[in-house]
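Enquirer: Sequence:
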Amino acid sequence: MRGISRLEGKYAVTMDLYPPQGKEFTRIQPFFDNLRQNRFTTTRCKKCGKLSYPPRIICPECLSEDLEWVDLPTEGTVIEAVVEEIGVPVGFEVPLVLAMVELPNAFTFIVRIVNCKPGTLQSGDKVRLNVFEVEPFPAEFGRETVEIPRVYFAFEPVDPEKRIK
Numbered sequence: 078m079r080g081i082s083r084l085e086g087k088y089a090v091t092m093d094l095y096p097p098q099g100k101e102f103t104r105i106q107p108f109f110d111n112l113r114q115n116r117f118t119t120t121r122c123k124k125c126g127k128l129s130y131p132p133r134i135i136c137p138e139c140l141s142e143d144l145e146w147v148d149l150p151t152e153g154t155v156i157e158a159v160v161e162e163i164g165v166p167v168g169f170e171v172p173l174v175l176a177m178v179e180l181p182n183a184f185t186f187i188v189r190i191v192n193c194k195p196g197t198l199q200s201g202d203k204v205r206l207n208v209f210e211v212e213p214f215p216a217e218f219g220r221e222t223v224e225i226p227r228v229y230f231a232f233e234p235v236d237p238e239k240r241i242k
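Residues 78 to 242 (our numbering) make up the sequence shown, in order.
By construction, these hints were calculated from the structure, which means they are not laboratory data. Each residue gets a CB set at the ideal place from its N, CA and C atoms; glycine is no exception.
Per label pair, the in silico range of CB-to-CB distance:
id, residue 1, residue 2, range
1, THR197, ILE134, 37 to 43 Å
2, GLU210, VAL165, 18 to 24 Å
3, PRO213, ARG116, 19 to 25 Å
The whole structure should be built from the sequences, with the hints applied where relevant.
Expert: Right under this line is the structure:
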């Protein structure tokens with residue numbers, strides 16, 4: 078099964094997979110601004126030092142609002158990877174590759190893997206940040222609708238043999 082997962086028939090697709098962007102819609106806009114510069118960032122509490130991902134506006138540890146933006150590594154190591162071909166959420170490409178990735182001196186998280194030959198990603202493989210544009214967000218300001226450009230991220234294999242060309 079290849080292509081984009083979608084509902085057929087009478088169901089309308091109304092889910093937007095990507096968050097609104099723009100300072101009017103989110104308090105973590107610096108995260109998206111940094112992505113545009115190929116920087117992967119998050120927040121760290123200045124009071125207790127807690128590194129949080131996803132980025133926060135309040136520290137989940139001590140509830141301080143005194144946070145700073147810090148750069149994260151843009152390359153990590155795969156701990157485990159899976160390929161989903163059934164039950165893929167609407168709007169995602171099939172097959173969907175997900176991996177648990179460890180970022181050095183930061184944290185481990187589950188992330189979407191793009192540009193990857195399904196079934197080739199293994200524990201120990203290196204992956205790197207991949208920033209891409211997504212559909213603009215239609216925002217209404219009074220009687221005017223403005224399309225706000227958006228970016229998002231995934232990771233991709235470093236090894237060219239594992240990437241889709």
